[in-house]
Amino acid sequence: MNKPLLEVEDLRVRFHSKRKTVEAVRGISFSVGRERIGIVGESGSGKSMTGRAILRLIREPGEVQARKILFDGIDLQSLSEKEMRAIRGHRISLVMQDPKFSLNPVMKVGHQIGEAYRVHNRSSKAEAKKRALEMLEAVQIRNPERVYDSYPHEVSGGMGQRIMIAMMLIPEPDLLIADEPTSALDVTVQMRVLQIMDKLVRDRGMGLIFISHDLNLVSSFCDRVIIMYGGRIVETCKADELQQAKHPYTRGLLAAMPHISSPCERLSVLERDPKWQEEASVDAFI
Amino acid sequence: MHSSEIVQQQEAVAALEIQNLDVFFGQGQDRLQAVKGVSFSVPKGGSFGLVGESGSGKSTVLRTVSGLISDWKGVINIKGNAIDHRRDKAFYKTIQMVFQDPYASLHPRHTIDRTLSEPLILHGLKDRDARVDQALVDVGLGTSFRFRYPHQLSGGQRQRVAIARSLMLEPEILLLDEPTSALDVSVQAEILNLLADLRERKNLTYLLVTHNLAVVAHMCDDIAVMNRGEIVEVMSVEEMRNAEPEHPYTRELLMASEGYVPE
Amino acid sequence: MNNAAGTATQKRREGSSPLLKRLRGLTTVLLSIIATLVGLLFITFLIGRVMPIDPVLAIVGERASKEVYDAAYLSLGLDKPLIVQFGVFLQQVFTGDFGISRLTARPVSDDIIRVFPATLELASVATVFGVLFGVPMGVIAAVHQGKWQDQLIRLFGLFGYSMPIFWLGLMGLLIFYGILGWVGGPGRLDVFYDDLVPVITGMILVDSLIAGEIDIFWNAVSHIILPASLLGYYSLAYISRMTRSFMLEQLTQEYIITARVKGLSEHAVIWRHALGNVMIPLITVIALSYANLLEGSVLTEVIFAWPGLGQYLTTALLSADMNAVMGGTVVVGLIFIGLNLFSDFLYKVVDPRAR
Amino acid sequence: APPSFAATPDDILVVANRIDDIISLDPQEMFEFAGTDYANNVYDSLVSFDPKDLSKGYEPSLAESWTISEDGKTFTFTIREGVKFHSGNDLTAHDAEFSLRRAVGLNKTPSFILTQFGFTPDNMESTIKATDDRTLVVVTDKKYAPSFVLNCFTSAISYIVDSKEVKSHEKDGDWGNEWLRTNSAGSGAYSLVSWKPNESYTLNANPDYWRAKPAMKRVIVRHIQESATQRLLLEKGDVDVARNLSPEDIAGISGNSDLAVDEDLRGRIMYISMNQKDPILSKPQVIEALKYLVDYKGMEGAFLKGQWKVHQAFLPLTYMGELKDQPFSFDVEKAKGLLSEAGYPDGFDVEIIVRDAQERVEIAQSLQNTFAQAGINVSLIQGTGKQILGKYRARDFQIYLGAWGPDYPDPHTNADTFASNPDNADEAQHLGKLAWRNAWAIPELTAMTEAAVQETDNAKRAQMYVDIQKEHQKVSPFAEMFQKNEQTGRRANVSGFVTGSAVTAVYYWTVTK
Amino acid sequence: MTDNTNHSPPVTVLSSLQAWLTTETPQSRFQAKMTQLYRGWQSLRSNPLALVGFLILVTLILVAIFAPLLATHGPSEQNLAMRLAPPGSEGYLLGSDEFGRDIWSRIVFGSRITLMIVVLVACTAPVFGLLVGTVAGYLGGWPDMVLMRITDIFLAFPRLVLALAFVAALGAGIENAILAISLTAWPPYARIARAETLTIRNADYISAIQLQGAGSLRIITGHIWPMCMSSIIVRVTLDMAGIILTAAGLGFLGLGAQPPMPEWGAMISAGRKFLLDHWWVATMPGLAIFIVSLGFNLLGDGLRDILDPKGEQS
Ligand SMILES: Nc1ncnc2c1ncn2[C@@H]1O[C@H](COP(=O)(O)OP(=O)(O)OP(=O)(O)O)[C@@H](O)[C@H]1O
Ligand SMILES: Nc1ncnc2c1ncn2[C@@H]1O[C@H](COP(=O)(O)OP(=O)(O)OP(=O)(O)O)[C@@H](O)[C@H]1O
Ligand SMILES: [Mg+2]
Ligand SMILES: [Mg+2]
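Protein chains in written order, with this note's numbering: chain A, 1 to 286; chain B, 1001 to 1263; chain C, 2001 to 2355; chain D, 3001 to 3513; chain E, 4001 to 4314.
The set of hints was computed from the structure by calculation and includes no laboratory data.
Worth double-checking, as some hints may not be accurate.
To give an idea of the interface, some chain A residues facing chain C are shown, with a C-beta separation under 7 Å as derived from the structure [as the list claims (entries may be wrong)]:
| no. | residue |
| --- | --- |
| 1 | M96 |
| 2 | S124 |
| 3 | A126 |
| 4 | Y151 |
Glycine is no exception: its CB is placed at the ideal position from the N, C-alpha and C atoms.
Could you put the whole structure together from the sequences, leaning on the hints where they help?
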């Protein structure tokens, strides 16, 4: 495609406790261009930690290591916390999974969106409000004025997720990480949210990392797919080639899913091979 | 009644039949009707699916049938007998339920052994050790799990324990409330297979609730689609697969389950 | 068949307006207040009966003759049946009359009006102190969980928590009053300032400001500062502990990560986002600790010669001055109920979900 | 010592004292120490003491002079002229008549001090009578020792109140009691400015006081519970006088040249008494043994240092008929012998009830310790004053540890309580008599006490009390142990602070700075 | 595990015991309980502060047990000649009090009383609060209304009045003081237990046992109590300092421990008279209370982490 926006090499995330050290991410390398890249994998495979590690949001007792995390030519690892704050939200954003917990329950929605804008842009309150309302409209909220003055608990899940997206997009980031942004939503609402993101990605040409555990969804929504298992990348491929994936893990996952159109007596069960744990991580550069 | 008549009747009647079920929550001013006029029936040995989005009232129907919610009206027939608002002990030996979240449905401070023995103690059943071991084998766990605590088990293993618990009293009808929605696809497959096996082996009747159309399509004979507390459509799985569903809401559900479709 | 009975009771009530709804809510609240109050009074009344202190003796003194004793016995109505006595008492209370205190020879209501402001003043300053220092300390401890800051704050709080107030009080007096001379001594004012400002609220800090007597105000400040900060030390210890644990809970919430993702500074994340949510449960904690202080702390009051409700109630109780005890109890009960209502109200202000 | 400055103004006297026992300011009702201190300065009586020489005994006060009839029953007082109440009203014999009748009519606790002379509400119209503005005639029912009667006339119950003022506040025949409880209507050296119970009372000088013009324009008495707090205030100069310093605090301030300590014997007697209903404690040898098991000197030298002096008779020193003998000392062997005689060679179990005041608890603990040395196993029952007194008055105890202060400055007061019990039956309810409370039946001593109170010859009368006390010392179930010695801490520049000794209350008008 | 082979036999016994305790597949109820306890112990051990707290309390218990051995004097042994000796005086490690009693020995013997206060209060107030709170929370409806009103009444009651009245009614003494403290201390526990019950009552595992036909009593005692226990235990340990102090406060008013009992609070209360000149009399028992409170507090904080079932999941 084009020049990568983000390059990650040998990313590792560890959690230390008195008794043991958990390796959540174990040396993965990938890059993201101005495209939609999907990360899938079972629960605990390290998807979320990857996203958070890029933004340096992992705190003690967690520890992040990487040979390289290069974003638009900037070495994120070498930045001070203050410089990093300027990147967060402004250049790279992260949409969290569940709007119910990810919005501050005691702050008005509009204020939370406006805050995201004002952190990075010196502007008046009125200006921030104007931008927030525009943004709410952009994510297809019908009555932005009303929603602006609502509290998170007063909006539905689908709306909350759109608010979340609006909040993360208002500083116009170059890279958006979406961590299971639709898994808490009803299927019908899910579609609408995906459409919004899709449209914004295409219009603005930003990069999107879409984290999910839904193979179906990722293959239909993304350009490329990274499949993670046990903190490593076991396979990567073009999204539309997912059905032809080669790794036994990916194949097992695909086979284990029931399908409406093709009924079967028994579902095939994924047989885990301990060897997978030892395999080297696959690089997923563009 | 003569016993022969009872046998005859049982052949004919549904295992579970619900007519015009209304369920309410709250009191007075805050009273809210969560289920409105729901009717369906599940034949003996059948597997019936209830689909619908979050908040449509699926769980409420199940919890009402199982007796966890008492503010309802309508008729619930179990094997032809209407049941009361108060359930007796015998009732629990015919109907049991499996919950959605395996992380929340096991008592965190009780061993598997205690969780599984408790129904036996409550109903004064003998041979507890043997039965617990057998149940663990039945759900494919093996006896080595017997004295573990829930936190020592994975999600799939927990769900197996929950299924084992529901089978301890040897019920005929199993209410399944999204038994796999909290699990990974790979684990989901294991549980769905286990449920299918058990149904066959123990001749169980299932009422399965889920929001995943693919799962009902795989597991069930008939399905009902719920929306806002009402059943909008009842059909067989075949009908769903082949013919276009009639209700627009069902169609929307079906389309969404195909994956993302760009505008 | 089985449902017939159910159906009848399940008829939905319809057609009530929001106003009616609010009225009904208000009635429920009022009824529960009254129930609590009557319960309080009843227990107080019972206490008066089971106490092995002879209320008559308390009045007439140890050397009284039989006749003097009997006369007092009759005048107190002690010959009447218990339930009648309780009835009479209830009737009086609901007309705001608690009778005459036997110890001070004046109406209990006057006494309470006199002693309560002293307690109110002390408790309020103490609570302000506790909140002003306790909340930030709790936040800092939570942010630095397990680090030396956390341990230091814990030790500091715990020390205050484990040393009896009469120890702390005397030590404080010795050091800050006796040796350093930084603060005023026991009592609410230097004696020659006594009775110089007109009593309006009974709280000298307030009254002196109203009267424009700045000297007296500062004198009162110098007297209240030590007992208030010692009492405040206790609420500080408690409030900072609770703040810490609420804060720890909030800091693991997803919305905190959201705030960080936005690029907010750590300061804003903690003091704006997290603290905003901590305030919700904290209000109850603060209200409760305030209510406890408003009961009056006998020990502090004794050490600092602070004529407050705690001393009043204790003395009354120990000498079976049941009118005073009941009056005090009702007042404390009312304060408690009032603070509860107020904290519910604040809750609604702070937490949009509770509205 | 920390630097300290006398911070109180020169014409204001600030006293730290425990005044939470004041429950009424009405002189015809009050019976408490702090209350009496107050009344002593606000009111005057017909007869009183000279604060500068208390040992002289009673002398004329509002009564310039008096005469006693032949039969010893009629007392005729001539009232001093020109004395005014604080209200400006003239003080006349009618005020005296009103006040004394008021004491009888109100019939409050201390009224017995007067009614023991036979005054009743029915006869007081004739027995207490002002014949003109300057003459008051009082007639007793029997002949009494004049010293007895006149001593009683010095006590607070006999203070003269402003009859016009009080009558104007009378309600439902209450003799103005409700009003006077919280107000003043006196003619004394000071008038009441304010009384805040448990907090303070403030007095203003009466510049027209007939005896002298008080040097202190204002007196503020603050309720300070803790000794340590009183001490700090005194050291800082925020109070001029601290009246409840513990021995440790007295010792603590002794090196401070800005401060001084005054000592004064007061009337209170600390004693233990044994309930004679108890089968063990009624044995004479047991009673005697216990008297040898008290470590008198040890306690006096240790925690009671300076505050209580060993004293083993029921009349306080400085009273008429005082007895200085101290026959008992701490002697375990002797006690053990007596106990064996009584049949308890290994001792027994016993309960001592005591109120939760520090020094009493300390004494109790010492007793617990020394009794144990003779095998007597003591459990202490501590309680509030009211609780313990309740048990005492109900005769429901084994050993009581407590203090007794005389009610009026005449030996009869203590003789009557310690050595008189006309009827030992439970129903008799002689609650005011300690002999009765201890179920001690003593017809002979009762008669001796009765005789002494009628003896008109003061010297003879005094000897009679000495005899009574000697007998009492020997046989009574009372072990008198100590007499109160009050140590008052004061700023060195304060002089003339008279606590009133054993016979009366404090005087503020004599104070100068 | 891997280097087991190098160890000598006794160590193998130990390590096999450890293996038995740490197994993921316990073979019996007993072993399951033991592994559970062992896990608790391990997490306690890995938390140095909680361990310190634990050790302080173990020390307290040991001191209480071996008081006669540790004390150099009898707890009430008076020596008026040696009164108010400063710490470090010949034979008086921490000094002596106003009766010349050895403060160290009194503190050592006093640990028994402190322990008794702690145990008795911990056995009454929280248990009663737990009972009331869980019953109210689980049953809901009018039992909830009534029980919570009663709780409110006790909560709204001036605590001191309640405690004083109780002690006054039953007589002064440490046992009654403890009961009085419990009487005033239970309402907060009831509230905690109720709040906890309200969240537990709708949990799936409670629904599950209801569906097995269990009665309310069984559910409350067998299923709800174990869940409320941890927050109550944590709260109790954190409250301990306050409880010991309340006992001391009652002592101050003469209603707590009766002399010559070496109750720490009463010792401070008596010692305050000498605070200005003989600081050690009140301060030494104060420090004892401080150390024990610290122990409870540290342990309480540690227990919060250990007992929290949420903590166990990850
Ligand atoms: N604070 C922590 N301490 C220890 N281990 C942690 C911590 N946070 C995460 N982990 C571990 O890191 C691993 C990866 O977690 P991550 O959240 O990235 O998984 P995920 O792929 O996002 O899973 P899911 O689909 O459930 O969200 C998990 O095994 C988890 O146990
Ligand atoms: N205990 C309750 N009190 C009040 N309302 C309730 C209660 N439980 C459920 N409801 C309401 O009843 C409706 C139906 O809820 P129900 O749990 O049956 O939905 P569901 O179809 O199972 O959804 P999900 O897929 O999220 O489980 C919802 O609107 C819900 O808000
Ligand atoms: Mg994740
Ligand atoms: Mg549901």
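Of the numbered hints stated earlier in the document, which are not met by this structure? 2 and 3
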